[in-house]
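Chemist: Sequence:
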Amino acid sequence: MKIRCLSFASTLLALSCTAGALAAAEAAPAAASSDWRDQVIYFVMIDRFDDGDPSNNDQGAGEYDPASAAHFSGGDLAGVRRRLDYIQGLGATAVWITPPVANQWWDGKVGYGGYHGYWASDFKSVDAHFGTLAEYRALADALHAREMKLVQDIVVNHTGNFFGYDHTRDPADPATGYWANTVSRPMAAPTQSPFSLNDPRRAADRAAGIYHWTPPIADFTRREQELGHALADLDDLDTENPQVRRALRDSYGHWIREVGVDAFRVDTAFHVPADYFRDFLHADDAAAPGVLAVARAAGNPDFHVFGEGFGVDKPYADTLARKIDGYLRDAQGPILPGMINFPLYGGFGDVFARGRPTAELAHRIRSTMAIHADPHRMPTFVDNHDVERFLAGGSEAGLRQALLAMMTLPGIPVIYYGTEQGFRGQRTAMFAGGYGSGGRDHFDHGAPLYRFLADVTALRRAQPLLSRGAPTVLRDSAAGAGVLAWRTDHEGQSALVVFNTDDQPRLLDNLDTGLAPGTTLSLLHAIAGPAPPAQLDAEGRLTVVLPPRAGLVWLAGDVDAVAVATPHAGAITLDPLPGTPRRGALVLSGQASGVRGFQLLVDGAIGSAQRVRPGPDGRWGATLDTARWVDPSVRHRVVAWAPGTGVVSQGRHFTVDPLWRLAGRVSDAAGDDTGRSGRYVYPASAGWRQHRPGDLRALQAEVSGGSLRLTMQMASVVADWNPPNGFDHVNFTVFLTLPGRDGGARVMPLQQASLPGDQRWHYRWRLGGWTSAGFSAEGATATLEGSGVIPAPQVAVDRERHTITVTLPAESMAFPEDLTGARVHVTTWDYDGAYRALQPEPGGHQFGGGATTDPKVLDEATLVIEPAH
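Numbering (my numbering), first residue to last: 1 to 869.
None of these hints come from the bench; they were simulated from the model.
Be aware that one or more of the hints could be misleading.
Pairs of lysine to aspartate or glutamate, DMTMM-like flavour, derived with a Cα cap of 20 Å [said to hold, decoys possible]:
#, residue 1, residue 2
1, 323, 226
2, 109, 147
3, 314, 720
4, 109, 832
5, 314, 631
6, 314, 798
7, 323, 285
8, 323, 720
9, 314, 302
10, 109, 65
11, 124, 285
12, 323, 258
13, 124, 258
14, 109, 199
15, 323, 219
16, 109, 841
17, 323, 199
18, 314, 219
19, 314, 386
20, 124, 238
21, 124, 250
Computed from a prediction, not measured in an experiment: that's the story for all the values here.
Could you build the full structure based on these sequences and the hints that come with them?
Modeler: What follows is the structure in structure tokens.
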């Protein structure tokens, strides 16, 4: 049955026309599909999901402490099985679990535990914390009885951290500089052969060559280190060694045969050669065949394997996307059937959470379709266990948009556990007894985000067009938050997907849909309330006002000649604009007829529109102040629009040439990156102490109108982990106090501190190598960051000069007219899903020299914006 909720001839929408109504009407029960393009995956971290058997929680090695983020919490396979109603009710058709294999439980070297499953000691055994082989089989059987699939996370690159090297290492002699991890629990080495052969001081182990015998990666830009050195201290397997290859095929074939696993997600795929996977998937070895051959023999010809290539491309760049594609295919043919689409994840976060230009996500959509041969089998996601939660820096409205975008674009959507409950903590527990749960369960079927996700998963599953179609981007904005629209086509069907990523209404004008005039549209989904009235004009174009944070999906139907709008008698034209960048005032002029007045909109922004009344002869003129725009590379678009008449002009483009003035500079002492107590020390892992990345040497401010540009001069700028923003090992927190404004907050959220003296902040930004987020002081507490603001800052790095520059647009501060007298306070620390831990003794990635409750401030400086001279 089809419900027509909107046609272009309509002027009203029924409030009941929501995705829920559509799902109820159209999503009749159907046989489950074995095609991976039709799946929706729910991703579970076993230890943090649900505790079905408390008797296996504490194994007596000091590894269990649900009050600690670093220890086991108690989740297990029995817990996953008993929550399948909850997972299936969300609309998921598959469950992906973190590795269930036997692990190193506690690594005293780094002060962290293997609760996550990625530190294997035996690839063929179930970890005692998670249950037994029988319980794993019971989970698989329960899923298959529901016609759902089971995805097992696997690792082929490394084991746990059982050995390492000191500064005396000699590449020619793997025994030199070697040390055994004597504080590993409960075992000192892997228990499975041949991975147990891990001590090169023994001739047999050295001859076996199971490992690369290397130190941690120091430079992620060097391919030989990425492939052959230890990732985060984890012992790197030599996957070129036939014995290693055979053992890994045997280990993972075991889970297909013994449990009935339906797919593998391959962790850290970038850290093994792409060609390795040909052997892993297809090896002709009777004793240990390739895993796809094992799956076929087990009766599963649709077994899927997808890899993880961690990395986000910079805006408009495709370096990592092409690297990902290198693991999908090469000149010899296909390699892996799928890779996780990390660059698309970056686009989701930047645009929907941080208010970056919608053109950045538009580029990512075009790039996905152009670079990858089969993007529909590449898993897509909004957040996961290795990155911060979307809601750590984004709004719930933005999250709904990101999830709807994921459900309407090519790829296999992946929902990370807890997203449907509004989680902000990266790895907090769903069950009452687990870490960060607040002492209660979080399996609420009535939670708003749970209901929303159930609606949009039903939408995707009811419309093969959304899971099989090819998107064509129709409109985007290079200027910032605003409109993003694409058309998806498949086998003669088309859908329009339209977003407004701004917190203010925007005009979508003259959208060339590529559809025939008179095409009727049925509303498939509107994120909030009814869609605005809309109709195509006689040229198949769409002009419509989009509410704040709108997300709309329309299905194109039949052509109805009656629906073609009668052209309005009025008209507005804009005279051509100069091609040179503008500084200060922009003079506009044109001709109008049949309208008494209209509005000038730049980039569709209705809230800042300028009203214009034509003269008696229809001529008009206006002047726009361009001070609010600070990016000279952006082409802005201006249109004239007469609300209520349907009259809108053609668009004209212009660029700006902002004038920045120096507004203050302060120096900061070298070597004072030791905290307010003067006793803090950097973490022990490489990249910290020798570079002192948190040592702030100077802070400079420039202003342009109400926008602010800050340059931090550092002792050094480190980018060892290849972050998209060009720096790592440090996070900046910027606090801004606006002159003459009441309110504000003294507390420094999540940093266990307050601003010096009587300072109060009105806006705050958290700036890191992978992500940034902005907040107002409204609602800020010691544990809450405040209300989110967009857009996020622009970041530029000059490693040679040791500088990091951030531009804070006036829009993110509600357009202050003058920043003179504003106070800027900058602190350094580091951030990885949370501000890094502080403890009396430093750890691998934990700061030392203070109590766990002391301020998380390494270095800091204050600057006051000076008046123009």
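Chemist: Hint by hint, note whether the structure agrees.
Modeler: Hints versus structure:
no.	hint	result
1	323 - 226	holds, 13 Å
2	109 - 147	violated, 44 Å
3	314 - 720	holds, 16 Å
4	109 - 832	holds, 19 Å
5	314 - 631	holds, 17 Å
6	314 - 798	holds, 16 Å
7	323 - 285	violated, 29 Å
8	323 - 720	holds, 18 Å
9	314 - 302	violated, 34 Å
10	109 - 65	holds, 18 Å
11	124 - 285	holds, 19 Å
12	323 - 258	violated, 34 Å
13	124 - 258	holds, 10 Å
14	109 - 199	holds, 18 Å
15	323 - 219	holds, 17 Å
16	109 - 841	holds, 12 Å
17	323 - 199	violated, 34 Å
18	314 - 219	holds, 18 Å
19	314 - 386	holds, 19 Å
20	124 - 238	holds, 19 Å
21	124 - 250	holds, 9 Å
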